[in-house]
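K.L.:
Chain by chain, the residues:
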Amino acid sequence: GNSVTQMEGPVTLSEEAFLTINCTYTATGYPSLFWYVQYPGEGLQLLLKATKADDKGSNKGFEATYRKETTSFHLEKGSVQVSDSAVYFCALINDYKLSFGAGTTVTVRA
Amino acid sequence: DTAVSQTPKYLVTQMGNDKSIKCEQNLGHDTMYWYKQDSKKFLKIMFSYNNKELIINETVPNRFSPKSPDKAHLNLHINSLELGDSAVYFCASSQWGDNTEAFFGQGTRLTVV
Numbered sequence: 002g003n004s005v006t007q008m009e010g011p012v013t014l015s016e017e018a019f020l021t022i023n024c025t026y027t028a029t030g031y032p033s034l035f036w037y038v039q040y041p042g043e044g045l046q047l048l049l050k051a052t053k054a055d056d057k058g059s060n061k062g063f064e065a066t067y068r069k070e071t072t073s074f075h076l077e078k079g080s081v082q083v084s085d086s087a088v089y090f091c092a093l094i095n096d097y098k099l100s101f102g103a104g105t106t107v108t109v110r111a
Numbered sequence: 036d037t038a039v040s041q042t043p044k045y046l047v048t049q050m051g052n053d054k055s056i057k058c059e060q061n062l063g064h065d066t067m068y069w070y071k072q073d074s075k076k077f078l079k080i081m082f083s084y085n086n087k088e089l090i091i092n093e094t095v096p097n098r099f100s101p102k103s104p105d106k107a108h109l110n111l112h113i114n115s116l117e118l119g120d121s122a123v124y125f126c127a128s129s130q131w132g133d134n135t136e137a138f139f140g141q142g143t144r145l146t147v148v
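In order, the protein sequences belong to chains A and B. Our numbering applies: residue 2 is where the first sequence begins, and numbers increase by one. Our numbering applies: residue 36 is where the second sequence begins, and numbers increase by one.
In short, the hints are calculated from the structure, not lab data. You may find that some hints are simply not true.
[What the hints assert, rightly or not] Using 30 Å as the maximum straight-line C-alpha spacing, the simulated DSBU-like pairs for lysine-lysine come out as follows:
#1 B:K87 to A:K98
#2 B:K79 to B:K44
#3 B:K102 to B:K79
#4 A:K98 to B:K76
#5 B:K76 to A:K53
#6 B:K106 to A:K98
#7 A:K57 to B:K79
#8 B:K57 to B:K76
#9 B:K79 to A:K69
#10 B:K106 to B:K57
#11 B:K44 to B:K71
#12 B:K76 to A:K69
#13 A:K98 to B:K54
#14 B:K71 to B:K57
#15 B:K76 to A:K57
#16 B:K54 to A:K61
#17 B:K44 to A:K61
#18 B:K71 to A:K98
#19 A:K98 to A:K57
#20 A:K98 to A:K53
#21 A:K98 to B:K75
#22 B:K71 to B:K106
#23 B:K102 to A:K98
Let's have the full structure, built from the sequences with the hints guiding it.
P.N.:
Shown next as structure tokens:
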């Protein structure tokens with residue numbers, strides 16, 4: 002079956018710090034990979050995606066590269082802002098089923 | 036225009052009651068989902084419908100019954116509510132396929148007292 006494992010939080014950072022959230026997956030075939038973000042009191046929004054090996058997804062300063070050899074899709078941002086405080090979910094879709102990791106809560110302090 | 040809208044946003048009810056949550060999408064998608072998010076933010080898929088047909092039913096108690104009157108709507112009816120049903124329920128939609136993103140509603144926070 003499909004599964005997504007992401008680093009546990011919570012993660013607390015100062016503004017302008019470097020953020021990385023690790024994500025690894027297990028799936029048969031060639032899943033598409035996503036990072037979703039959930040701001041407080043809201044639904045999930047797509048942050049970025051990658052559909053094949055070595056693809057790099059990027060958006061709002063966030064990046065993640067689809068690494069098939071390590072089955073990973075780590076999220077990175079070079080300089081976080083207070084407005085990046087949210088819950089981040091790694092996800093994959095395979096056989097038409099969208100599966101999520103447990104979510105990582107990130108808090109950025111001014 | 037809200038792409039995926041759910042009503043109500045908040046729902047407080049007593050144990051044993053029956054309640055419904057409605058979901059509508061105006062994106063022209065053919066696939067809709069219900070997810071349950073617990074207090075630790077863990078998201079679990081409950082149901083998935085494609086063109087009004089049930090595709091995924093993930094070991095959800097049969098007190099939960101989804102209904103899709105058309106491709107743009109997927110409602111969730113819950114019978115005999117229990118304390119453990121308290122959670123945030125999210126509706127989502129996408130176009131059928133393995134490369135497509137899902138769009139989520141704002142969620143319905145259900146509290147059973």
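K.L.:
Are the hints correct? Go through all of them and say.
P.N.:
Going down the list of hints, with the structure as the test:
1. B:K87 to A:K98: OK: K87 of chain B and K98 of chain A at ~16 Å, within 30 Å.
2. B:K79 to B:K44: holds, 19 Å
3. B:K102 to B:K79: holds, 19 Å
4. A:K98 to B:K76: holds, 19 Å
5. B:K76 to A:K53: Judged against 30 Å, a Cα distance of about 28 Å means the pair holds.
6. B:K106 to A:K98: holds, 18 Å
7. A:K57 to B:K79: Since the Cα atoms of K57 of chain A and K79 of chain B sit roughly 27 Å apart, the hinted pair holds (cutoff 30 Å).
8. B:K57 to B:K76: holds, 22 Å
9. B:K79 to A:K69: Within the cut-off at roughly 25 Å; holds.
10. B:K106 to B:K57: With Cα atoms ~13 Å apart, K106 of chain B and K57 of chain B stay inside 30 Å; holds.
11. B:K44 to B:K71: The hint holds at about 14 Å.
12. B:K76 to A:K69: Judged against 30 Å, a Cα distance of about 27 Å means the pair holds.
13. A:K98 to B:K54: Holds. K98 of chain A to K54 of chain B sits at ~27 Å (cutoff 30 Å).
14. B:K71 to B:K57: Given pair K71 of chain B, K57 of chain B holds - Cα atoms ~14 Å apart, limit 30 Å.
15. B:K76 to A:K57: holds, 27 Å
16. B:K54 to A:K61: Violated, because 39 Å separates the two Cα atoms, which is more than 30 Å.
17. B:K44 to A:K61: holds, 28 Å
18. B:K71 to A:K98: Holds, at roughly 15 Å.
19. A:K98 to A:K57: It holds: about 22 Å lies between the C-alpha atoms, which stays within 30 Å.
20. A:K98 to A:K53: Distance of about 17 Å is within 30 Å: holds.
21. A:K98 to B:K75: holds, 22 Å
22. B:K71 to B:K106: It holds: about 21 Å lies between the C-alpha atoms, which stays within 30 Å.
23. B:K102 to A:K98: Holds. K102 of chain B to K98 of chain A sits at ~19 Å (cutoff 30 Å).
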